[in-house]
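When we follow my numbering, the leftmost residue of the sequence shown carries the number 10, and every step to the right adds one.
Derived by calculation from the structure, the hints in this document are not laboratory data. Ideal placement from N, C-alpha and C gives every residue a C-beta, glycine not left out.
Pairs of lysine-lysine residues, derived as DSBU-like cross-links and limited to a Cα-Cα distance of at most 30 Å, are as follows:
1. 371 - 262
2. 371 - 400
3. 56 - 262
4. 229 - 376
5. 57 - 223
FRET-style restraints, in silico, Cβ to Cβ:
6. 305 - 16: 21 to 31 Å
7. 77 - 16: 42 to 52 Å
8. 193 - 56: 25 to 35 Å
9. 64 - 399: 28 to 38 Å
10. 16 - 64: 32 to 42 Å
11. 396 - 53: 39 to 49 Å
12. 287 - 259: 19 to 29 Å
13. 37 - 12: 17 to 27 Å
14. 77 - 234: 19 to 29 Å
15. 56 - 161: 20 to 30 Å
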Amino acid sequence: MFQPDEKGFYGQYGGAYIPEMLIPNIEELKSCYLKIMESESFLSEYKKLFTDFAGRPSPLFKAERLSAKYGANIWLKREDLNHTGSHKLNNTIGQILIAREMGRTRIIAETGAGQHGVATATVCALMNMQCVVYMGETDIERQAPNVARMRMLGAEVRPALSGNRTLKDATNEALRDWIANPTDTFYIIGSVVGPHPYPDMVARLQAIISAEMKQQLKEKCGSELPDYVIACVGGGSNAAGSFYHFIDDASVKLIGAEAAGLGLDSGETAASIARGEPGVIHGSLTYLMQDDDGQIIEPYSISAGLDYPGVGPLHSYLMESGRATYLPVTDKEALEAALELTRMEGIIPALESAHALAILSKLNFKKSDRVVVTVSGRGDKDMKCYMDYFKLTDK
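All chains, full assembly: derive it from the sequences and hints.
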């Protein structure tokens with residue numbers, strides 16, 4: 010029910026709205042991605058890299074103090090403990106194996122918070138491939154630690170100088186590059202966005218998150234089904250992976266946290282489901298923020314990874330069908346949730362993940378509820394922001 014059709018549509022959302030020059034690339038990828046991903050050689054190498062390189066499975070941690078505060082059994086899916094520090098490596102390992110199988114030698118990517126850029130640069134170093142990462146100039150400044158990591162890994166980081174110089178603009182530049190270099194280049198998209206088959210391919214690669222959740226819950230609780238799964242949503246890859254194996258079980262409540270920025274009515278927000286409407290962005294029909302003339306409204310979030318004006322088409326469909334609920338979280342709420350997790354459980358989350366943690370204060374739980382929150386990344390890259398906001402200085 011929640012799988013895309015052969016043209017890549019989830020209900021009315023999805024598809025492949027692309028320039029003519031990219032049609033051969035997309036058609037080639039459509040014709041072979043499932044065949045490659047289901048092959049014995051792919052699965053064998055993919056699983057080996059997960060275990061020996063990425064460090065999976067990521068732990069499922071019972072947050073005892075958070076559980077006591079919110080009156081439920083709060084479990085944290087620790088994607089922040091993956092190699093490179095986020096869920097992004099799940100996807101880049103899979104896509105670079107597909108790229109290699111297709112004979113591509115040059116990799117491009119877009120990044121906002123820098124986590125996808127780092128994960129892409131990492132697998133390119135591993136596979137000895139050229140890597141170019143597009144990143145908005147604004148994000149290059151506010152995510153300097155990840156820029157340094159990408160460059161140390163051998164990637165070229167190219168600034169996007171248009172728009173508000175964030176994730177949307179980096180994606181635009183990556184697509185222009187792919188149009189100019191269609192034969193040797195593979196575009197590793199970092200989220201469940203873009204033209205089909207990318208939303209489906211990325212969701213399948215990130216589905217390891219919910220597959221592990223089920224097994225770990227079974228071992229720890231005796232049941233593989235949680236009552237709630239909560240994850241942050243920008244483009245929505247960690248949420249798609251967290252929801253994936255629970256989508257067809259209506260007993261599991263799926264909650265996405267959108268970046269509300271300074272507030273839904275402030276004009277400074279990235280809550281594309283709450284403040285958007287259907288339109289086409291980066292090759293797919295989905296919810297996005299746009300004005301009356303159909304021009305994209307520049308998004309804002311303190312979190313570079315959620316600073317995107319649209320959302321993956323799967324999430325648009327899950328929202329419209331009522332299968333998932335998406336709640337807005339402001340910058341302030343996310344920052345306070347990050348400090349709460351840090352002080353109560355000794356875990357410093359990425360600002361993106363902090364949006365998911367802020368949802369805990371917005372829901373009413375029963376004591377028996379099993380609640381899984383995906384901590385999509387670690388907070389090293391956001392320390393300057395945290396230090397400035399909380400005035401964390403030696404006294």
